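Participant: Dock chain B against the given chain A, drawing on the hints supplied.
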Amino acid sequence: MAIIERPSTVPATVDGTVAPEIVTTSRALGNFRRPVSTTGWKSWLFTVDHKKLGIMYGAVALFFFLVGGVEALLIRLQLAAPDNMVLSAGLYNEMFTMHATTMVFLFVMPMAAAFANYFLPLQIGARDVAFPRINALGFWLFLFGGIFLNTSWFLGGAADGGWFMYSPNSSSLFSPSHGIDFWVLGLQITGIASLVGAINLIVTVLNMRAPGMKLMQMPVFTWMVLVVQFLLLFAMPVITVALFLLSFQRNFGATFFDVNQGADPLLWQHLFWIFGHPEVYIIILPSFGIISEVLPTFARKPLFGYKFVVFSGAAIGFVGWGVWAHHMFASGLGPVSVAVFSVATMLIAIPTGVKIVNWTLTLWGGKLQYTTAMLFAIGVIVLFTIGGLSGVTHAVAPSDTQQTDTYHIVAHFHYVIVGGAVMGLFSGFYYWWPKMFGQLLSERLGKWNFWLMFFGVNLTFGPMHILGLQGMPRRMVVWPDKLTGDGFFDMAFWNKVASVGSFVIAAGVLLFVINIGLTAKRKVKAPLDPWDARTLEWITSSPPKEHNFDRIPTVHALDEFFHRKYEEVDTENGPRLVKVKAAEEILAEEEANADHHIHLPSPSYWPIILALGLPIIAYGVIFNLLLSVVGTAVVLLAIFGWCLEPSVADDSDFDPPTGGDSTKELATIG
Amino acid sequence: MADIAVHDVDHAPEHDGYDDHVPHATSTGLSNNKLAMWLFLGSECLLFGGLISTYMLYRGRHENGPGPDQIFDIPLTSVSSFILLMSSLTMVLAVNSAKRKDDRNTNLWLVVTALLGALFVGGQVYEFTAFYNEGLGFTTSLFGSSFYTLTGFHGVHVTIGIIMLLVLVAISRRDRFTGDKAEVVELVGLYWHFVDVVWVIIFTLVYLIPS
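Each protein sequence line maps, in turn, to chains A and B. Each residue of the first sequence is one higher than the last, beginning at 1 in the numbering used here. Each residue of the second sequence is one higher than the last, beginning at 1001 in the numbering used here.
Simulated from the structure, these hints should not be mistaken for laboratory data. Quick caveat: nothing in here was measured; it's all calculated off a predicted structure. Mixed in with the good hints, there may be bad ones.
Simulated coverage check for chain A against chain B, where a stretch passes if three residues somewhere in it have a Cβ under 8 Å from a Cβ of chain B [as the list claims (entries may be wrong)]:
1. 197 to 205
2. 253 to 266
Calculated cross-link-like contacts (lysine to any residue; reagent style SDA-like; alpha-carbon spacing at most 25 Å) [said to hold, decoys possible]:
3. Lys-307(A) / Thr-1028(B)
4. Lys-579(A) / Gly-366(A)
5. Lys-525(A) / Pro-544(A)
6. Lys-307(A) / Ser-1027(B)
7. Lys-214(A) / Leu-1035(B)
8. Lys-214(A) / Thr-1026(B)
9. Lys-42(A) / Val-635(A)
10. Lys-51(A) / Leu-1035(B)
11. Lys-52(A) / Pro-35(A)
12. Lys-545(A) / Thr-1026(B)
13. Lys-1099(B) / Leu-644(A)
14. Lys-1034(B) / Leu-206(A)
15. Lys-523(A) / Phe-437(A)
16. Lys-1101(B) / Val-1167(B)
17. Lys-1034(B) / Ile-639(A)
18. Lys-496(A) / Met-85(A)
19. Lys-214(A) / Glu-568(A)
20. Lys-214(A) / Lys-1034(B)
21. Lys-545(A) / Leu-558(A)
22. Lys-1099(B) / Leu-1085(B)
23. Lys-1101(B) / Leu-644(A)
24. Lys-1034(B) / Ala-314(A)
25. Lys-1034(B) / Met-216(A)
26. Lys-42(A) / Ala-520(A)
27. Lys-1034(B) / Gly-212(A)
28. Lys-214(A) / Trp-1038(B)
Think of the CB as a built atom: it goes at the ideal place given N, C-alpha and C, for glycine as much as any other residue.
Next comes chain A alone, as it looks inside the complex (with noise of 0.2 Å):
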């Protein structure tokens, strides 16, 4: 067996004796006693494991889905029945506001942050990843972020202004709560999460692949999120301007949104754009990724084109920083940019036609399973290429010009987005939860699951096609009996449909809800390898150790652990793939030859106390510039305590040595 060497509460000692100090605590500079427990609320609070700041990462991002979703669903009452008054004007925008808002950086990007961060190391056979207390805080950041940003709720009404939140509209002469502010300041908090989130994977896929692990040998998972960091890398940094000039304008009277001093409005739109398209595909790719593992797993067959889907994935997010203007068509652009965004925003369906493709002949002549996250994975196919084709359809900037702001445009956003990313973090849950969990969730409520999901996203998002081409704008609060049209373009009729069909999709969701409740109860254990899966996360135990593996996995193949069970046997009718090892005899044979000494990094105190503080700071913003810099004071005692927190742990830090060959070494922290 391994040894781990984590932090204890015993010294260690060597032959019965005290072992020399190598560095005491006291010696670093005023830190505390690094934190040790490794069960409990503390071993939580503190931890720096990449397994469980990914469970903590889906659970909160969960959470937010629901109320994301309570959101959505008080909208569609709104919009039930004509001249309806479920919700004032003033709820009503910021209700759309903070649905999609709360959708897109509460849920959406962290639940892919969920699966990155679970899944990332695993498949890539690493024991963590590269700066692990750094994750932490990415974690801490998006979870108080969030909660400051839902906290303007109670604090005078939160932001109004829509998810892109265009000036001169967000200035406080025309949003006079402090409902923006919220909003600036806890994307600039979830944005930094986003940010040092990015460094830390991208650094880790780069660094710290199992030895002999190439590139091209990757999980297209893992090759899919690393293309989301890096545009979250430079994507991150745009929409920080951004939020900078909002709030200087705010709260210190700048003057970069005044049309009085001669401001120019689409600086904005440019500024927020070029963050948000790329966003687009932040959102959808890890979604991308997660089905390129599930289709094979489940067709019995490799991935179809493996280089292909990685490429193309990569030129979506070249191709994604320059179409950004698409979103702007109807701003005067001129018509040699618009021509420009145009061609542009055709070109990147070429790569996304091409992974549809690839996962269609993935599926073609495979032995196809439909287990849950098959099914999922499927629809996801069906239902972004719904969202694909309306979305070309927008590239054409005349037939653009006459959506733009209706109906046709949420419909199209919606099946991509609800459709596509969604849809694929679902088939994510259904194919990992063993992995995560070490149990199977219901297949039978899994399917219901399914199907009550993908006819609701049919009935909610498909009449909104007919509404917006139509003429109904979107974001208005209210539709008026008169205008309703009748026969196919009752209008009328087609809301009440779409409102019926977000009902439809929350049972679904609460299907799943319930789905995670009776599993944990059941608790019946999963088989090993319930999937016959192909990659390296199936390569341990399930849930996997604290370390990951117990012997870090030598790579030789695409799919190496589906390269281990199968080998080609000569057979009368040409070779064949035959099983010939179980994932259990896989992983009794990795632990008969575990590494001897396994280091894992500490917990620390310091990226919850960091991230605290910033919190604090923006309320000060708002509300006292004192409060300010009350939370300066504690982000910068985090920042010095982190950097001061010893690599060179203190004795007492460790295990006992094992003796005998081993030599005796220490934790790193990071």
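Facilitator: Relative to chain A, chain B alone:
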């Protein structure tokens, strides 16, 4: 940022020519910290890119106050720019000394770099005060807002750099380094040079090109 890789020094079987006994063996050969710093600086490029674009868009819009040509004091800013550029030279000397494990000279050059940086920031404070007295406030005009935001962001970056330099010296004198000292000095050096390069661009675009 002084983080250290999670690495495993183990006695695993042959790993295709990978040397498990080198603690910092990474797939790229670049240390995690250095790669992270380069990535961070890449991200910073877009931060300054956004700020510079905003300034370039608004530099001519100053209805309620003085414009760039009326208030810039090119000789003064040239001197402070020269000081900042010289600090890059002393930073190189510090990194060089750190690589030779020459603690005395490392600390000396770090302090000199910090002093030069402080002189630059002092110049900026003086300049801001002078501009304010000439009627260019933060809220006066689009030019004012964008000028102070851009140069202010740069000044904050220099200030953070100065703090890092001085903290390096303090930690070094108390011998409390967590990690490879030469590398940490080099990382701060990378940041410092980046901030200098950004200033070269800002100085050219903001001050030298007439509006």
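Participant: Evaluate each hint against the coordinates.
Facilitator: Consistency of the hints with the structure:
For a cut-off of 8 Å, the count of residues in the stretch 197 to 205 of chain A with a CB near a CB of chain B stands at 5, and the three-residue condition holds. Beta-carbon proximity to chain B at under 8 Å applies to 9 residues in the stretch 253 to 266 of chain A; the threshold of 3 is reached and the given coverage holds. About 21 Å separates the Cα atoms of Lys-307(A) and Thr-1028(B), which keeps this hinted pair within 25 Å; it holds. Using a Cα cut-off of 25 Å, the hinted pair Lys-579(A) and Gly-366(A) holds, with the two alpha carbons roughly 17 Å apart.
Between Lys-525(A) and Pro-544(A) the CA atoms are separated by roughly 14 Å; this keeps the pair inside 25 Å, and the hint holds. Restraint check for Lys-307(A) and Ser-1027(B): satisfied, since their Cα atoms lie roughly 21 Å apart, inside the 25 Å limit. Taking the CA atoms of Lys-214(A) and Leu-1035(B), the gap is about 18 Å. The hint holds against a cut of 25 Å. For the hint pairing Lys-214(A) with Thr-1026(B), the CA-to-CA distance comes to about 13 Å; that is within 25 Å, so the pair holds.
Straight-line distance between C-alpha atoms of Lys-42(A) and Val-635(A) comes to about 21 Å, which keeps the hinted pair within the 25 Å bound. Restraint check for Lys-51(A) and Leu-1035(B): satisfied, since their Cα atoms lie roughly 23 Å apart, inside the 25 Å limit. Straight-line distance between C-alpha atoms of Lys-52(A) and Pro-35(A) comes to about 16 Å, which keeps the hinted pair within the 25 Å bound. Our distance criterion of 25 Å between C-alpha atoms is met by Lys-545(A) and Thr-1026(B), whose separation comes to about 23 Å.
As the CA atoms of Lys-1099(B) and Leu-644(A) are separated by approximately 22 Å, the hinted pair is consistent with the 25 Å bound. Between Lys-1034(B) and Leu-206(A), the direct Cα distance comes to roughly 12 Å. Compliance with the 25 Å bound is thereby established for this hinted pair. For the hint pairing Lys-523(A) with Phe-437(A), the CA-to-CA distance comes to about 10 Å; that is within 25 Å, so the pair holds. Distance check on the hinted pair: Lys-1101(B) and Val-1167(B) sit about 18 Å apart at the alpha-carbon level, within 25 Å; holds.
A hinted pair counts as satisfied when its Cα atoms are at most 25 Å apart, and Lys-1034(B) with Ile-639(A) qualifies at roughly 19 Å. Taking the CA atoms of Lys-496(A) and Met-85(A), the gap is near 15 Å; set against the 25 Å cutoff, the hint holds. With a C-alpha separation of about 23 Å, the suggested pair Lys-214(A) and Glu-568(A) falls inside the 25 Å cut-off, and the hint holds. Distance restraint check for Lys-214(A) and Lys-1034(B): the Cα-Cα separation of roughly 21 Å lies within the 25 Å cut-off, and the hinted pair is therefore satisfied.
With a CA separation close to 24 Å, the supplied pair Lys-545(A) and Leu-558(A) stays within the 25 Å bound. Between Lys-1099(B) and Leu-1085(B) the CA atoms are separated by roughly 22 Å; this keeps the pair inside 25 Å, and the hint holds. Between the alpha carbons of Lys-1101(B) and Leu-644(A) the distance comes to roughly 21 Å, so the proposed pair stays at or under 25 Å and holds. For the proposed pair Lys-1034(B) and Ala-314(A), the alpha carbon gap of about 24 Å is at most 25 Å, so the pair holds.
Distance hint between Lys-1034(B) and Met-216(A) is fulfilled; the C-alpha atoms sit about 24 Å from each other, no more than 25 Å. At roughly 22 Å between alpha-carbon atoms, Lys-42(A) and Ala-520(A) fall within 25 Å of each other, so this suggested pair holds. In summary, the hint linking Lys-1034(B) to Gly-212(A) is supported, as the alpha carbons are separated by about 23 Å, within the 25 Å threshold. The suggested pairing of Lys-214(A) with Trp-1038(B) holds, with an alpha-carbon distance near 22 Å, which does not exceed 25 Å.
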